[in-house]
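Numbered according to our numbering, the sequence shown spans residues 1 to 674.
Some clues are possibly wrong.
[Stated by the list, open to error] Between beta-carbon pairs, the in silico distance windows are: (1) R253 - C349: 24 to 34 angstroms; (2) D315 - G362: 15 to 25 angstroms; (3) A498 - A275: 39 to 49 angstroms; (4) D283 - R253: 22 to 32 angstroms; (5) A147 - M472: 34 to 44 angstroms.
No lab work stands behind these hints, which were simulated from the structure alone. Glycine included, each C-beta is placed from N, C-alpha and C at the ideal position.
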Amino acid sequence: MDAALRPDERPFQPARGGWRRTLAVLTLALLGSAGALAQARLAGVFGDHMVLQRQVPIRVWGWAAPGELVTVVFRGSRRSAVAGRDGRWQVTLPAAPAGGPHELRVLARNELVLRDLLVGELWVASGQSNMEWPLKDVDDAEREVAAADHPLIRHAKVAHQAALRPADDIAALRWQVASPATAGEFSAVAYFFARRLSRELGIPVGLINSSWGGSHLETWTSPRAALADPDLAPQVQDLPASATELLARRGQRALALVQGWQPGLPVTPPEAEPAAFAAPDLDDHAWPTLAVPRLWEEQGLPGVDGVVWLRRRVDLSPAQAAGPATLHLGAVDDCDEAWVNGQRVGGLCGWDTPRCWPVPAGVLRAGSNSIAVRVTDTGGGGGLHGDAAVPQLATVAGVVPLAGPWKARVAALQQPTELGMNDAPTLLFNGMVHPLLPLRMRGVLWYQGESNVARAARYAGAFQRLITDWRMQWGQGDFPFYYVQLASFLPAGRNSLAGSTWAELRDAQRQALSLPRTGMVVATDVGDAHDIHPRRKQPVGDRLAAWALRHLHGKAVAFSGPVLRGLRGLRVGDGRVKLQFAHAEGGLRSRGGGQSLQGFAIAAADGRFQPAQARAQGRTVRVWREGVAAPVAVRYGWVDNPQETDLVNAAGLPASPFRTDRWPLLTAAGRYGQ
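Just need the whole structure built from these sequences, with the hints factored in.
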């Protein structure tokens, strides 16, 4: 602990240096007399139980009355600064080794004391919902939370904050020590990363969780980087001076979008919404359709929040209509109310909760039956989502599938009252990253991309610009930037060898490995076909930690699965393609241990891909297909859900999906804001 200060060490005394400094302090104090009684405070990132980055000078900053002298004391060192005209002050303390606990004192007209501070490795974890996903919701969560007794691991969640202009500060963080009482709310990926890192290094690990589910890459982009992007620059230059004006524009865009999507069908305020939309005899022939289960943002209604009615007619036999039934809708984002033949059968709010509504005997009838669902979306995705096998009407005489097209109508739009995370580029950088920039940290963990799948072709350049720009903004050189490639998702039955937007996004992520000190975790083997939030976060965090252990700490651990390195003999005499891989020490194999591999496709000059045979041989893979004598291109895992891919190295780490061709991408025309 730091020793208490003696009375003659109080910072109110003029510092050595004579009357000039004293006069300067008094002058600034007079200039800032309007705030002379303001209490000195620390920036919101500082708090009890925090972890500070080891082995680099430690920056501490905050605000006080203009002209006030502020002194910071930590580990026997003291540094002073005078608050500027805007009240901001900053000091730089000497570098410290890993350890603690310590106290940090701020001495001004008032005194602040932070307790139980540790010095160790400090990481910023950012991205969207798979980074934000809490430990309490992972596989085997009860056991994981109960075992989370790790006093050297500390976590703090940055409050959601979208801002039109770069913000100076964030709401005060609540730093928490990992324990069964607290760890359930930690970012699961970041926690598993910290657990392995701390266990193998024996040092404290701090996590600043600055993430927001559903966020786009563009909102995490700084104004400087956005202005260098031809797609984003016009939108950043056109940002209004106030949030009120931006919200008005957002509402106008949503209304115009809906009017174009359902021409001739008016949108009303929520309070005037017709209740007759649930009536069984309603004429809905002019309504457009939405596929169920699938979020409506993916079907021509991006950014639409409010009320959407979905209607479906089903024909039942007398036996099916004779008794009670159960209406299975699956998960609904966010709220639903369901009617069968005009009778309400259930309703609930909870975006990830499956809906199973009992239909009493006597409600169904032989012949045509009406099902109506009123869906209210308050932000992010909206609609019925999940496994296509789930939506069904289970009757006493059999199951009637309900997946497919439903009549749909936007009935009411939610009027925005605060900035949304994706309302414009730069908003989350401004609100949730910019205030952290003075902080000295070790590196960034990133898990994002699901929301950018439709613009995958642009993601490669945009992601690399973000990484390069964040490094420039932080001013710490090329700090480590480790990220997670998108996991397998969507029903495998939807896979097509003709192309995949999800594969294009994964490849755009892979291309960022060309930047120095980047690392990518492949997660195709831990995905979930029916859930965009796979619960197996343990391997993801462990694999992120392996990058840090190998490249920052020199540990002899496997850190990457096989990555395509180059081509040799693309056209071999026997029609076989030979592929070479990096990170193939110990030889390549299938996940089951054999040499035959799954997930490869091959194409001749006609560009038509067909399933191929593949066999691992040392550090290479040979690919062929009978009947394709002159192959020109190979793809691996180039589908939405590459769950069948099984190429691994000796450490069991999976290979990244790839393609050898440069044929046009499905997402080539995708642009932000379209």
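These are the hints, each one checked on the structure:
no. : hint                            : verdict
1   : R253 - C349: 24 to 34 angstroms : holds (26 angstroms)
2   : D315 - G362: 15 to 25 angstroms : holds (18 angstroms)
3   : A498 - A275: 39 to 49 angstroms : holds (45 angstroms)
4   : D283 - R253: 22 to 32 angstroms : holds (30 angstroms)
5   : A147 - M472: 34 to 44 angstroms : holds (40 angstroms)
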